[in-house]
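Could you fit the two chains together into a complex? Lean on the hints.
Residue numbers (my numbering), protein chains in the order written: chain X, 1 to 251; chain G, 1001 to 1396.
Careful, some of the hints might be misleading.
With beta-carbon atoms standing in for the labels, derived distance ranges [stated by the list, open to error]: (1) G:N1262 to X:I63: 27 to 37 Å; (2) X:F48 to G:G1008: 46 to 56 Å; (3) G:S1050 to X:R28: 44 to 54 Å; (4) X:K170 to G:K1274: 53 to 63 Å; (5) G:R1051 to X:K138: 34 to 44 Å.
Hint data in this document are derived by calculation from the structure and do not stem from the laboratory.
Positions of the beta carbon are idealized from the N, C-alpha and C atoms, including for glycine.
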Amino acid sequence: MIGDILAPLISEAGFEVQAFPFFGGERRGAPVSGYLRCGTKKITTHSFISNPDMVVIFDHERISVAKALENLKPGGIALINTAFPNQFLGLTRDWRIYTLNARAISLLHGIGNPEDPYMVINSAMAGAVLKILEPIFKSQLPDKTIEAVLNNVMPQKILENYEALLEGKKTVVGLMADASAMWQWLLKRRAIPHLTQPDEHCTKCNLCYLFCPKRAIETNASGAYIIDEEKCNYCGICVTLCPRNAIAMII
Amino acid sequence: MNSKLACGKTILTGNKAAAYGFALAELDVFGGYPITPSTEITEEMATLASRKIISTTYRNTDSELASMALGIGVATAGGRYGTATSSQGLALMFELLHWATTAELPLVVVNTNRSLGAPWSIHPDQTDSLLFRDLFMPQIYCASVQETLDMVLWAYRMAEDPRVNLPVLVCLDGFMLSHTAETVIIPTQESVRKFLPEKRFCKDFMLPEFDDKKIVNLQCPYNWKEHSRRKRALVLAMQSAYSAIPEIAGDWFNIFRGNYDNGFLRISGDPNAKIAAISMGAIVGTIEEAFADKPVKVIGIRFFRPFPAKELRNAIGNASKIIVIDRSILPNGHGVIADELRLAGGACGYNGADIHSFVGGFGGQNFSEENFLNMLSAILSEIGPFKKTYWMGDAQ
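Here chain G stands alone, though its shape is the one from the complex (with noise of 0.2 Å):
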């Protein structure tokens, strides 16, 4: 048994790169209650902590909802907070989620996406995280193992940062990457530190009084000027994080080495190809390499939110087809990715009709690069869709 963390190259599950990210955040509290398939994380962080090999106070909450709450005390306190869970658990913490998004209270929520029931799962969509993309708190979707650890650092450099201070959600494809094993370089905690705000807890933090504006978790605003005072604040707020990103990603660089581009997206391919491919999470890897020589650009999302509308119409250039392939749902019958598309289309000059839309991959529905090229001949061979959302696994 080490005493001290791993660094260096490694081979790590989605989980245990989570739980990696976690300790060298160096979080002040974790608070963990298990559900498939974050368990492995929180299981994690109790290894770690009562080995002592991070310092971090590890709590077994007795619900997703006392996990978030303790995650309100500690981040009113100016602690460190981390907490992970999935589907019905982001479910049930949601109250105190949209509670500590509006209070403003900077914290990391590690999300591997699951089904969100009925019919019970415990295999990836991403319903579950998607439904929830209304509120004020950013959202990663992560496309492989490495990413994921990489991103819980960077998901804490973005919640802390005074323009910000938000929840951040981070989301990594339940098996899919979760526990999934591949080669991941854990970074030191030296570099960590020069990357990461300086920790705010301090011993003797004391309540503010009532009228102190500057806490704003623990006033109870009763007059409607206050509201709007406070929902504007939150605009600018998820602003901040949009203009936070590629300063984010150029830091990340100039100390690690690794290269996320401005942040925002994961573009492969060749630029000037007529067809783009626009897709979020683990499967953007399969898509990636299903279309490794064909004439297509592949385009994953890694910040769900704030959305990168004008980022994406930049990688869309002047591709004449884009192909939208999404993980989830909404009541109108679109996917989720390709309905954000169409809104920001109008703005951002590209003609929403182009978008074929492709749904699928619920309760764990496998993509194979099959499917993908499948997809691709329809497309080129012109008898694909138009101006309609086709259903992946359907006779095509």
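Here chain X stands alone, though its shape is the one from the complex (with noise of 0.2 Å):
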């Protein structure tokens, strides 16, 4: 992906690249790695890049998250290919977060198969990085050029790649990028707040599962309600709602 889209790209964009992968195992699903450089300045060195002023991860499941953001800069990007976002809330304290649903992208637009554990997510998540250089990159490079770039290093299905790279470059979304400044404030503390659930003294009055905006709050088999943290946006109407202080933010 890096070879074959961003790099052309990167270079349309008038800017000097290099990128190169590094394989472990010889084998269809090993994990493998990829490294790109950019700038203005001509390129010459071939060191890996300890670094990074941006992390793309593409299976969070299968790579562990904590090992691939190590040596990226504070304040650096990290995208992340993923369903679930909120479960990388912790992470927005010392990255800027990006994520996107590129599998549900991919098999949307006839790329991959469901049953198939493998994601073939490439022109998704390179339609993210785009998006994600764009304030380097100065200006928008035109869907055109982008097409012409698939069409020569596309085997097949030219046209679904470039829908995906172009919905990629559309859903990928900041994590927190919206959030407001109490919640800022919250994270740079170093407080990531999470809640419990609603403890005994609950009285199933519903006013928590009607007013979640997320729909986060649920009803379990034996009647008690819990919050689905996943969908939980932590805005804390719940815990201001409750009549009885049932549910509580911890800091």
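Here you go:
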């Protein structure tokens, strides 16, 4: 992806570029890494990148996110393919986190197979990276240029990949990018809130369930109320509403 | 799908660049056997040939030995041949590679440097090609992807030079160059035709008579006189290769405007610096970036064979410290380049004892700019190595 799609496009945007992979096991499904350098000066070095400005994670379940982000510069960017972005909330205190559901985008455009555990998400991810790099490009790359590069590189499904790339560009979003000032402050203080589940004081009045903007509160089989932390956006409405203070936000 | 070979500025990996070099050389035959990390070269040649973008006859050989056997046949008939391989493959074809050199057959082998097992590895170091440095075969080490494409063309120019007539080995570090995408300018076919000699194959080729002195491959001399004559001819051929290099560099500059100086070395940094750093391959670029504003001149060796002793002496000049970084190791514990310098030092007039030798990079060990800066500060502070070989990655 970096060599075939990103490198030519970054070069079209007028930058010097270099991209290379690192392989371990020679088998399908083995983890691989890719490195990319871009800038205004000619690049002659051939070393690995030890302190990146940006890290892109394709599969956070099979790859240790902590290890991947180990040397990412403070304030750097991490782009993570995931269906549940909120689990990475804690990372936003040190870095700028961007997420998209590249697997869903790819499957939607007929790329990859839902039964296949390996994700074929290159185009969507490339789109997301391009969007994130836009500030340094100073201008959007014209869609025609993108299509020309894909035409050159893709053996098949050129249109599908092109669509997936554009959608990746559109849907990538910064985690907590619109967070209120209070949240930004809380996160900077290295305080990550979490909610207690409604405790024995809960009278099942239903208020939390009704007013949750994310519909993150449900009842389980035995009738107890449960907050789905992956859907929760920590707005605190349920905490404020609960007449019995059965839910607390711990910071 | 284009029907013509791409040209102009583009992004290519080292493997693709090597394939484009072969394509522009308009080979008669390309024989390929896959081996990581060179496989993409033979894949790209197969793609170009099957789509009739090039008229080269592509053959999948059944091993690297067969690749060289095919090359010997094609070159004997005057055809232009190329193949690509790496470490284990290069070792497998050695018997016939040696034959091709001593039979004075022009052909080009691109070798993506990879650690020669044991232990098994797919990652780069230069132990594979340097193992064969005693062959009468020029060896070129590329430091960038652009150089890879250009050097494949240089290799044919040198191999088919009537004073040389030898196989030429073009090396590029596996993954560091072979799989690295960089900006490349692909020359036009027309300009390449001006640079390369006329192709020699003609359809009326006939096998020569037994006593024909001109075809060296098919004779079976049995007396020592012929053997001796051959050996001397090979020595002369390597000397001719040596004198051909500046001519080739000059012609290249005139036609393509690419500046390779006199061809032997890649030099950067302050020419009056008192410290010279010498290395070979992809890490030359890393060293250049690491020492960009330091009082060091960085010398990258492009032609390892024939060894440019005189040019190195001129480049080193009156530097008082010579740092040599080797990605190879000899049984005596020294790096290959370091020992070649020590050997040449006597004849070249610089004191071999001033060589600070570092070895490392085995099995793909990464060299960062930081490694080189630490090395430099150790040497500057005089607590560094004297008359000793230091292993990179040891606590320093």
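Each hint, compared with the structure:
1. G:N1262 to X:I63: 27 to 37 Å: At 48 Å between Cβs, range violated.
2. X:F48 to G:G1008: 46 to 56 Å: violated (30 Å)
3. G:S1050 to X:R28: 44 to 54 Å: At 24 Å between Cβs, range violated.
4. X:K170 to G:K1274: 53 to 63 Å: About 57 Å separates the Cβ atoms of X:K170 and G:K1274, which means 53 to 63 Å holds.
5. G:R1051 to X:K138: 34 to 44 Å: holds (38 Å)
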